[in-house]
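Put together the whole structure using the sequences plus the hints.
4 protein chains.
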Amino acid sequence: MSRPQTTRKKRANGVESRQRILDATVEIAGERGYEGTSIAAVSAKCGLPASSIYWHFKDKDDLIAAVIERSFETWLAAVELPGEETGTPLERVTVMAANVAKSLVDAPDFLRLGLMLALERRPTEPRGRTVFLRARDIATQKITEVAGTVFPDLDQDAVRMLATYAVAGADGLFVHREIHGDAVDLVAMFELHAQLVCDAAARMASRSKG
Amino acid sequence: MSRPQTTRKKRANGVESRQRILDATVEIAGERGYEGTSIAAVSAKCGLPASSIYWHFKDKDDLIAAVIERSFETWLAAVELPGEETGTPLERVTVMAANVAKSLVDAPDFLRLGLMLALERRPTEPRGRTVFLRARDIATQKITEVAGTVFPDLDQDAVRMLATYAVAGADGLFVHREIHGDAVDLVAMFELHAQLVCDAAARMASRSKG
Amino acid sequence: MSRPQTTRKKRANGVESRQRILDATVEIAGERGYEGTSIAAVSAKCGLPASSIYWHFKDKDDLIAAVIERSFETWLAAVELPGEETGTPLERVTVMAANVAKSLVDAPDFLRLGLMLALERRPTEPRGRTVFLRARDIATQKITEVAGTVFPDLDQDAVRMLATYAVAGADGLFVHREIHGDAVDLVAMFELHAQLVCDAAARMASRSKG
Amino acid sequence: MSRPQTTRKKRANGVESRQRILDATVEIAGERGYEGTSIAAVSAKCGLPASSIYWHFKDKDDLIAAVIERSFETWLAAVELPGEETGTPLERVTVMAANVAKSLVDAPDFLRLGLMLALERRPTEPRGRTVFLRARDIATQKITEVAGTVFPDLDQDAVRMLATYAVAGADGLFVHREIHGDAVDLVAMFELHAQLVCDAAARMASRSKG
DNA sequence: TATGAATGAGACTTCATTCAT
DNA sequence: AATGAATGAAGTCTCATTCAT
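Protein chains in written order, with my numbering: chain A, -14 to 195; chain B, -14 to 195; chain C, -14 to 195; chain D, -14 to 195.
Source of the hints: derived by calculation from the structure; they are not laboratory data.
Treat each hint with caution, since some may be false.
Because identical chains cannot be distinguished in the list, a pair is counted as satisfied if it fits within a single copy or across any two copies.
Unchecked claim - Capping the alpha-carbon separation at 25 Å, the derived lysine to any residue pairs in SDA-like fashion look like this:
#1 Lys30 - Glu76
#2 Lys43 - Glu54
#3 Lys127 - Ala83
#4 Lys45 - Pro93
#5 Lys43 - Ile24
#6 Lys45 - Glu76
Note that the structure is predicted; figures quoted are calculated from it, not measured.
In structure tokens:
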């Protein structure tokens, strides 16, 4: 008969509100980019008034940056490469590529929004762009490390170049799927990509060795 | 009493005004994307009042689409592949790749703006996006044709897949350069890209033949 | 039967609109100061939408500065001291003081708003404040000139000091009337003020001469 | 289990918090006036959350009024006129004027903020304005009393007029210093002011007596 | 072939204030 | 004796667009 839960809804809960705002923002910003994301739209989608958004985030820039940050973390967790895999280099790399492909199909917001920001060249760079580029560097670095262990005969420069090429290819394939939609078999494309990169690595390694 | 035609200059010149508007728009839209491009900003940059822009273009959508169109034509002319080149397939493809790379270094507006539009997913698709996707299809088609003649042993599906992969790789490398700037040797990256694609084609061809 | 004047109202007329906006602003800003003057309030009072105000003025700062400028000019014209007056120095100065007093009773917006701005110390000074201070300097300069001719025996420093004192007294008396309203006989107070300043001038002159 | 009283510090101290809020407010309001003073800004300057300000003060009006009140008391204490001074009237008045001048140089917040409020004319008068005007009346009254004892031959009306003029002059000179800053020798100006007022008083007295 | 002026809608952001804890 | 969170109203300013000239 006591009504503890009848305090319906409005029990101030900062953490949950923050999540709701981020959820709404990621959806909108992933569709319409930085400028296309209006605070009013976020407010409508998350149910909190615009002024409440400003309690949780300093300004729009801060909000978008937070979205990118969280989105990257989620994505990183989703692709987390299994540690001590066995098999041939090609096999190991193929598994990795498939993981990445699947993660991009499932949660593409991070990369879509990030690429939009990356392509812009505003005079005052949005903080979200910086955050995305940092995230991208981290990813490239991880790939570099994996490639170094998988192809121990390659010199540093070659490894870096291959990692760069691998990331660029992933971006391009992602864009391709964003354009052509579910018709694209992203996993298959990533498999091809992985194979080409491995071939190149093998050839480079044999050349530098022999 | 009639003014002599020596007054020339400033006899309100429609064509020139139109160009000035397009020039201003391409610059701003390339920096800030669709939503970030305001008529007021274009007006300020080209020196014509906003209302004059509406005399030349139906609305903002029309303006952006026109920019993409002109930008694509400029770019197409810049890469125009020389007709009956001789040499090995790899040589011919390598030359092509170098041409594309150089064109993207010189006039990247078309692709930058196009990719931004391509990544967005707004409810009512901007006409500029359609125009860009059509342009992209044309480019992919051309590559498919070239690949078909260079690797006559490949079946249709394989050729299409390779062309898709080639375009995706180009997009990704372009993004990479947009992010990291002039430090990136885009021509070298495209050379690597061409080689990998050719290797793949050769392997596929030998497999499908044998 | 022709209806030329039936184009009622909305025949775009920049000059008139600008005046209407300034009229509305001077009234509101004179009552509530810089921050208290909202564009919405000005819009409501002048009948033009807020966005139209921004066609005529860059921003709020620009609007307030324009108000001060126009207000000062109006006031200057209203007090314009008659040229070659005759009579004793005291008589001439008394007439001047009466003129100033009357002008301040009639159109006090300029000084009220100006003093409000002058007392503020924002980190980024409103342009209106600069404009007011310049106007005030002009007024002080004029008084200095008049005092110089009326009391030719006084040295420069003394004249400047007296002019400063005269202006300060005028400000103070104006504040007094703003506080206590129509009950105050501003003309009488200015007469007293003029007399005291003249006495001081006479005494200083005799001292410096003798 | 009870916390020992050695925790001391930070045992939420109401009085100190109140002071901190008032200190912050006086600074901001002195810079930006009534409307320009936002609770958020006060909160940022004093380090307490906005809601805490509302624990100590009913609303913004109450806060500003409290500031004026405290500021006036501080100022009154600083100028407190020594009781039974000896010397000629001019000497006594000169000392008084110097005291006032010095107090205004040291702690000008009270008068600056007060004058800003006094010049405004909003529909619902801020309580702070009322408080300031009352304080001003008290000051005028004190001067009237002193003037009455120093010039016993003057009639009531003349004394009141001189007191009014004295206060107005003080306001004007204060404004002058606010505008021109430390370059102004406020003490010297007040000395001149005192002398002129005394001369006027003497002349009036002799006239009304003779 | 243009353009000065206007405008409703909506952008981002801050406001003073409240309330449950 | 405080405060984290929330909120409706209002702030300044920009938006894309129109229209009479």
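>> Which constraints among the numbered hints does this structure fail? Numbers only, ascending.
In response: 1 and 6
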